[in-house]
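Peer 1: In case you want the letters, here they are:
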Amino acid sequence: MLYRLQLLTRRCWQSPNWPWIAIGLMSVLCCSCRSLDPLTLWPNNTNTVKNEPQQPSAKAPELAAAAYQAPADPPPQTTPPQPVKQLPPATVTRGLPQSAWSGYPSNPTAPPMLSPGNPAHPWAPPGLPRPWPADEYVLDGGDRARQVNVAQDWSVHGLDEEDTVVHFDTLDGDLVIQPSNRVAVYSPRFAAVRRVDGIVQNEYTFGTLSNHQVQELERQRGTDIDLGLIQQLQPQRHLAMSTPNGFRERLPERTVDNVQNAAGTDYVFESYEDFLIMRRGVFDNNEKPRLNQRILAAKSWSTPQGVQVVLDGKLPTEFTNERTMGEQFTYQMPLGKKRLRVVKVASQQQAEPGDIIEFTIRFDNTGDQTIGNVTVLDNLTPRLEYIPESQSCSVKGNFMTQENDGRSLLLRWEITDPLKVGEGGIIRFKCRVR
Amino acid sequence: MMGTWILKGQLATVLVILMTSSLLAQGGPRHFQHSILDPPGTVGRSQLQRGGPLPGYYQPVEFKALAGMQVSVAKDGKFQPAAPVVKAGLLIGQVYRLRVSKIPFKAGLEVYPSVEIINRLYPPQGLAWKFPIPIHLTSRDMDFALQGRYITRVIYLENPRAAVPAVANANVQPYFDVGTTEDPLHIADQLGRPMAILRLGSRVPRLDRTTGSFLFNSPPVQLPGTTTVKQTTFQPDPAIIRNSRVPRLYTFPAPPLQR
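Chain order of the listed sequences is A and B. Take any residue in the first sequence, note its place counting from 1, add 350, and you have its number in the working numbering. Take any residue in the second sequence, note its place counting from 1, add 38, and you have its number in the working numbering.
One should not assume that every hint holds.
Claimed, not checked - Only pairs whose alpha carbons sit at most 30 Å apart, straight line, appear in this in silico DSS-like list of lysine-lysine:
1) A/LYS780 to A/LYS746
2) A/LYS780 to B/LYS113
3) B/LYS168 to B/LYS113
4) A/LYS770 to A/LYS638
5) B/LYS144 to A/LYS638
6) B/LYS168 to B/LYS144
Calculated directly from the structure, the hints in this document are not laboratory data.
In isolation and in its complexed conformation, chain A is listed as follows:
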């Protein structure tokens, strides 16, 4: 068998038409092969392909004030979280253990089965970034797909839908681009495709060929002349009117309420954005669990492994890989580094079509030099519709909008004044979920 294969290969190679033979073989192989879909990539499957966790880019350190570990989002309910029961190792059927799936259990009396290791998130195929699946969420923020580039004339390239970036100029003449974190809102939307099949055996079409009939005026009805007239009777007598000689004033009891409605609010923080990092730009470690509920962790947070922080190719001076809650890490940065921290949160985690969501973007100069020409860009996804005149900015700047390719809007804030070290601002705007 092997000899015959070698003989066939030698004959094909020696044939003058061997390129065309190679083309035919490659076409047959490629047409018959089908790549695996993500749903079939299980750890126990022999065809498993694991995605390596991506390291955060040195240009965009997320929340650089602290090194975040793997996300352990607390459950949204107010009751204390129940300990995850250790399920016995089940037999693997078709590469998926029984304890892997979650959702509404088939036995309602059984406790809900969640993905082991992450009691708050429902099950998702291992190795895929969260949230999963992405088509059930409305995402906004970050820099997906193409990397955003800003030219020297401040023209922006590579700004995809859902991107939210901030670019600024430094005293050194550099132009730095800083993307925000991604925010996910659960909002699935459905449509339908219809097909009508009908059997038609007999189809008759009735139609007149033409019919044009002119009806001439045969007679004209005469104009009726009024033969009678109704004469109004004139008043025969006039009765005098008696005017009141006096009157009694009766004033009902009334109460006066001095109702003063609030004309507006100034720098009032809603509950979803009431964090110290939003108020003063200072990170409080005690607010980390609550903050994690409002933002979607970066890609490095979505894996069960620890976060590796790399700043300009240098490891921080203090770093640990322990997965423990409630720890804050600090590191020393060399002088002359420009930093801008951008945090984005949403007022809701789930929304139905028609609901209004309010986004809040907080940016702070966490570097050690003044930065200028700070420009905030938010390219809305087609599922989000900006509500006119709903934006506000805590610092002086210009706001403008531009229609994007997805028939939504690109929001742009140009901060007028430079940001000194430690200064920042808050931007708010509202969107309707389509």
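We have chain A already, so just place chain B on it with the hints.
Peer 2: Then chain B, alone, in the frame of chain A:
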């Protein structure tokens, strides 16, 4: 001679790359191996074989009968009380029978569609019933069914990055028609993720040995608020064994319109 062979080899390589470049993007769960003409339940059962947390999951579905109609779901061999809006948890891979009544201008007539759930959602904890799969039953579809036509609706989850930039209306589910030569399942696959298949016709149940198969042997249904689900043996209910008091207005084939 050698240069000619090298040139041929380079040309062959370029041609192979050009011809197979579009095939490199294969992947993702697709229903291309299925057709809408397959028997009900084929697509759903094939989805179960793909693996994942599909077996045993009751996907919440919301049936909304418009224009004053009412819909009911068959459970345990009989139809539940009819209502304009019905929520139910349906198993993936199973086929369920519905009954639509009070059709406008069609007093006494009823239509018995079937629905097949072929995929599920993954909502956050505790929000499954807040985000069900909406299935709208329009009076126009009922008219087509009573005229002897066969309607197929594939409800799919829109891709948010390619969604229609229009505000959604809770009472109007956007849809579009395709020709008889196109497969709505394949088109829905390209536009998003197919979730359910709704089939309507003018078939009515009869009292015979096929009554159980007409209800697809009554798969278990989970209603909101219930805590236990029991799968009982099929017992035909007299409610589905009856003759309509008012004969159908249309006969098959549909007579020509008289003006």
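Peer 1: Can you list which hints this structure breaks, lowest number first?
Peer 2: 2, 5, 6
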